[in-house]
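Going line by line, the protein sequences match chains A and B.
Using this note's numbering, you'd call the opening residue of the first sequence number 1 and step up by one each time.
Using this note's numbering, you'd call the opening residue of the second sequence number 1001 and step up by one each time.
Treat each hint with caution, since some may be false.
Stated by the list, open to error - With a straight-line cut-off of 30 Å between C-alpha atoms, the simulated DSSO-like cross-links for lysine-lysine are:
#: 1; chain 1: A; residue 1: Lys487; chain 2: A; residue 2: Lys115
#: 2; chain 1: A; residue 1: Lys421; chain 2: A; residue 2: Lys385
#: 3; chain 1: A; residue 1: Lys684; chain 2: B; residue 2: Lys1327
#: 4; chain 1: A; residue 1: Lys598; chain 2: B; residue 2: Lys1335
#: 5; chain 1: B; residue 1: Lys1056; chain 2: A; residue 2: Lys747
#: 6; chain 1: A; residue 1: Lys747; chain 2: B; residue 2: Lys1335
#: 7; chain 1: A; residue 1: Lys545; chain 2: A; residue 2: Lys288
#: 8; chain 1: A; residue 1: Lys601; chain 2: B; residue 2: Lys1327
#: 9; chain 1: A; residue 1: Lys851; chain 2: B; residue 2: Lys1056
#: 10; chain 1: A; residue 1: Lys667; chain 2: B; residue 2: Lys1335
Just so you know, the hints here were simulated from the structure itself, not pulled from any lab data.
All figures in this text were calculated on a predicted structure; none of them were measured in a lab.
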Amino acid sequence: MHRRDFLKIMGVASSSTLMTSCDLEKQSEKLIPYLLPPEEEIIPGQSIYYNTTCTECPACCGVSVKDREKVYNNMRGRYPVKLEGIPGHPVNDGTLCIRGQASLTRLYHPDRIKKPKLRDSKGNFIDIDWSNAYSQILDALRESNNGGYKNIYLSGRTTGSLSDLIDDFCKRTGIERAAEFEVYSHSAIKEANGILFSKREIPLYQIDKADYLLTIGADILETFISPVSNAVRLSHAKRKSDFKWFHIEPHVSLTGFQACEKFTINPGTEVYLLDFLLKNMLNMKLYKKRLPEEVVKYIPDFSQEEVSSKTGLKLASLYQIADQFKKAKMPLLIAGGISTRHSYGLETAVLTGLIQWITGMTDSVIDFSRAENYSGVGTMVQMEKLSNRLSNNEIGVIFIARTDPSKSIPVSYFFKENIKKAKLRIGLSDLLTGTIKECDIILPLSHTFESWGDANPRSGLKTLIQPALEPLFKTLSEGDILLHLLKGDLKDLPFRNFQEYLFKKWNENYGKALTEEFLKKGYYEESVPKKEIRLDNKSAVAFLKNIKTLDRIAKPVLVVTPSIRSFDGRSSVLPLLNEIPDPLTTISYGQWVSVPPKTAKSLMLSDGDEVEISAPGLSARLPVKVQPGLPEDTFAIHPEMLSTQVFQADKRSGEGVCYLDKIKIIKTGASVSIPVLSGSMSQKGRGIVPNPVNKKREYDRGWNNMYPEHKHKDYRWAMAVDLELCIACSACVAACYIENNVPVVGKRHHLMGLEMSWLRVEPFFNGHGKCNFVLMLCQHCDYAPCEPVCPVFASYHNPEGLNIQLYNRCVGTRYCSNNCPYKVRRFNWFDSQWPEPLDRMLNPDISVRTKGVMEKCTFCVQRIREAHDTAKDESRKIRDQEVVTACAQTCPTNAIVFGNILDKKSQVYKLAHSERVYRIFEPLGTEPSVYYLRKKGDKNES
Amino acid sequence: MSPEAPGHIEIREQRDQVEKDILTSMKKPSLLFLACLGFTVALATVLLACWGYQIKTGLIVSGKNHPVGWYMYITSFVFWVGIAHSGTLISAILYLLRAGFRKSFNRSAEAMTVFSLMVAGMFPLIHLGRIWLFYWLMPYPNQRQIWVNFRSPLIWDVFAVGTYFTVSLIFFYVGMIPDLAIVRRCSDGFKKRIYSVLSLGWLGTPSQWRHYNQLYLLLASLATPLVLSVHSVVSWDFAMSIVPGWHTTIFAPYFVAGAIFSGTAMVILLVIPMRRMLSLEKYISVDDFENIAKILLFTSLIVTYSYIVEFCLAFYSGNIFEETVYKYRVLGDFKIMFWIMIFGNSILPLTLFIRKLRRNLPYLFVTSIFVIIGMWFERFVIIVTSLARDFDPYNWGIPNLSIIAIGIVLGSFGLFFMMFLLFVKLFPVLSITELKEKLE
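Please work from the sequences and hints to get the whole structure.
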């Protein structure tokens, strides 16, 4: 071959190879700048925040939804990627709880109902369109009215304009509005306040003003009325030097472990304790107010020995609790939650009310003028009546909106069976829950973040609900559905949709300027006149006269405790809340019953053994988790784990009873795998939370470093975690998951021990009835053990003191994880999946890690980057608190503080130089950047 | 000297006999051999299939767990690198020491070294999260100007094992050149052409022999320090970390002794059946086995001593982390493995003090199997228990078994034995020239 021929052939061959290997279609993406920006505020790559209201529980916290522009299926749209509290909001003041953070996954829940559904003759659901659904409903309503049937509208707690619209709708269409259904209706407190003060209301407890807080059963940090608000207020109270908090409960709860002192009381005997306290106060004549003689006469009289033996509290403890009242200037007593949810709950609440009145709390720390808006919420007794009416074939059409009563009311009401007797059942819901599955027509509701509305959590406070994105599916808000239904009847409605309805109303009520402000701020608080609280002697006497002969609930007893993860069970459908472990047991997925260690020993039970729990009306097979601290013969369970969470109702108050006494526990012999994420419930003397009790002995503390010291020029990022303020609520964990695209891996992998959390709450029980919680995240060590062992520099130390993990450099030797004493590194054992539409939640500022790569906490490096960019634009240094990590941002008690430790004015510098400060495993010489502040009671010993 | 002298004829006949005997082993394979080969090939295929599946799905299929980031793969890596060591010991150190029994074992021991290093080298790759980027572990100039981290013991490993493999391979090959020339002489056709290339034109002239002996001595002296250094570096994978149970200074000598111990057991395990199958009883005597059994006994004593020292270090340190790990080793979830290890590595070899048992080949064979199992478990216990009980009790956890990981580990044995069986048929299993030398 000639040289020229060779060159020709080579030229043709190589150019044709090049041409064919360029797949232009796939490899290019069109980047077209806006000619006309769709909305003036949108700048690609920048977040927009919409202030709205969280509706995951009835507390109505203000949330700021972080929206990002993204492209899906060639459609440009705004999608929420993160929730943060609205700073200065009267309920949550910029913070959120674990459920609030996770409520974003309800918006993107893969199982959301996407279209209206109709049950066909075979009982299967078929998709229909909205107009079809409306006409079916209107026809049914007409038919039912003609047939002389009653129609019912049953909903969960509803406040604000939507409640008004429902009233309006019901009036116009001849529907009867049933009392709203909430499991945690706090009926006993309402009833007691009605008896004593003629106010059937739940007041606002101003914990922040108190210097002595005594909580009886009330899980103020988990589910009690407004947990985030309580936590925020508690953190303010804790910052006062003389604040004391005692907690009394019949089981163990997360709230209990946060108190200064925790006492265990026999279930149902709270009345004895309250009686003792009240008598003690009367005898000591501590307070100016005097109870009228006739009331005093009827207060039951028990000797202190009797109180002690009934309650199970030592005399010393009784006096410790009582004496603290003497020392306190501003005491606050709250009884509620588990302590009012039994047959003596009303007595408990009434005696509490008397103490609250006599000590003057009702004039100071307990505010009835800003009472929580529970006026529409009904009781269990009302549900029983409704069930009876259903059973009597009185009901034609029943609407069930945003509530799932079938699992939450006593089985003896046969609600699930009776509801089938209604002629037509219409469910309004976002997910197919137990009750909604029984319906004939299902109308899919838009999530709060897709709809307009407002809420009215308590007197004088209105919060805004506004959409942050277009509805993902063919869903509508409840207001829109009702207006559509009205349109059939009424052609002359002055508004086309619920949004117009709301704006008209707001403009009428507040005027234009205030409405503008309301839309911007997301809430509006008006001053309310103070209410005078008077004791209604007659009705108090009438109640005390017939006070039930008190006894205690017989053991062994099963207690259904509220769960910080699922509230009353409603949030258990969110995958993220199953992924994050329960802080007390560290169990993530599945069901279990908590068993006290002593009982477990006598029944020869250990973690994962299956037991059969039986009692009249209940039979359940569940695996066991041995729970340190739980009193003998008390079994605790979360609401979503049983077929019913309320066993009967107190006829007087209508409060549900969540205790089941005289249960039988039999070991079945089977064993069930439960994902207990903690390897040990004890610190094993390692001083992770240093306390003389936790520490066996000093370990080696001499070390020399062979490497030169790192130089940090302008910034060295550090974090301080105040364990005094930390309430182990796991909100930070949920925030971290969502902010950093941390994958939810599911039960199978949790059973293998492969959770992916970058941040976790570690509980350590010390065997003296106390539990220390510690927040564990990457410590960003100055001499990080992970750094020298990485063969490819995927783990390296950056000039700002961050321990960086380069995902695209990592080859996956896992040596860094082995060598990390804190074990905070997570390996991607497989490619994680975000099922549609959860993938829209992904934070575009941070990558999704592929299989074979190590990942870990980055101190939210994307937020640091953003602050750097802003600071650079304005030619200045980053200010203190300009960078707030996701965990610090959401913390209700502000226990986490992040900042630049080189800046001597920064908060983190001050905390890192507090006398309470210590670092975990300090003698290892890793020089962590996370500083922990030990609890105030613990001794200063490292 | 006349070639027809009667003594010379005798020696010549003997020489021919040696050649014939050794080369017989390279003749057509028996059915038993083919069955063994088939079995090992099947096992090696299992390894490849499991590995492929693991690459596709991710390491989740290997049943690994947090906190035990290193599990059966790294255990196997350390085990196979250890096996390699006695090959070098026998061929290089015993050569320098002029130990006579070396000639019975050196060729198979050298082959074993090369093959076990090949198997060992696979394991860090199998264990890698992103194996397709394995070349990032090697320093090479690149436009991104990213270098490897020379502070990481894993990089030291790359160099240590790489060097060791290169030197062992050259040593193995150079030692075989004169024998390959004999094979070339005795074969014809295509086979002859291949062995011609392999024997590098060896003629056996006195000048070639002079150079050859010099080279062999040089290579032996080069390989000798590697016996000590390579496993020391491998042990530093652990000793350089801060993990309790790993972070200890005795690891280097402890691992080297363990390596020679396990390798010697593997030599015995390979040579006893080979001797029987290829009828080499004449060339590999029971005396030779007795000698090698003494090495086994000696290294077993060092290993046992290390165990004791290790525990004393932990308990005298007063360090709560160390104490917990060592208590956990003896009494924890992996106590069965621990006690098998103690039995196989420390107790059973003590019986070799009895001369009769040292000379009893079946007994030696069984003992070697126990040593091999014990040594695998030793690495397993060190790696897994330390990671399972480290600093923060919240993270304590144990790994779970997986079929894929077991398949890969068993497959690695299959691959190793497959290569050895092929070696037996393709190369002279004993050094013909050395045996001839001895006749004179």
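Against the structure, the hints:
1. Distance restraint check for Lys487(A) and Lys115(A): the Cα-Cα separation of roughly 21 Å lies within the 30 Å cut-off, and the hinted pair is therefore satisfied.
2. Only pairs whose Cα atoms come within 30 Å are accepted, and Lys421(A) paired with Lys385(A) is accepted, the gap being roughly 15 Å.
3. Note on Lys684(A) and Lys1327(B): the hinted pairing holds, with a Cα-Cα distance of about 13 Å set against a maximum of 30 Å.
4. Between Lys598(A) and Lys1335(B) the alpha-carbon distance is near 28 Å, which keeps this suggested pair within the 30 Å criterion.
5. Proximity of Lys1056(B) to Lys747(A) is assessed by CA-CA distance (about 22 Å); at most 30 Å being required, the pair is judged to hold.
6. With a CA separation close to 29 Å, the supplied pair Lys747(A) and Lys1335(B) stays within the 30 Å bound.
7. Restraint check for Lys545(A) and Lys288(A): satisfied, since their Cα atoms lie roughly 25 Å apart, inside the 30 Å limit.
8. About 25 Å separates the Cα atoms of Lys601(A) and Lys1327(B), which keeps this hinted pair within 30 Å; it holds.
9. Among the hinted pairs, Lys851(A) with Lys1056(B) is consistent with the structure: their alpha-carbon atoms are about 10 Å apart, no more than 30 Å.
10. Our distance criterion of 30 Å between C-alpha atoms is met by Lys667(A) and Lys1335(B), whose separation comes to about 29 Å.
Going down the numbered hints, you'll see the structure goes against none, and every one checks out.
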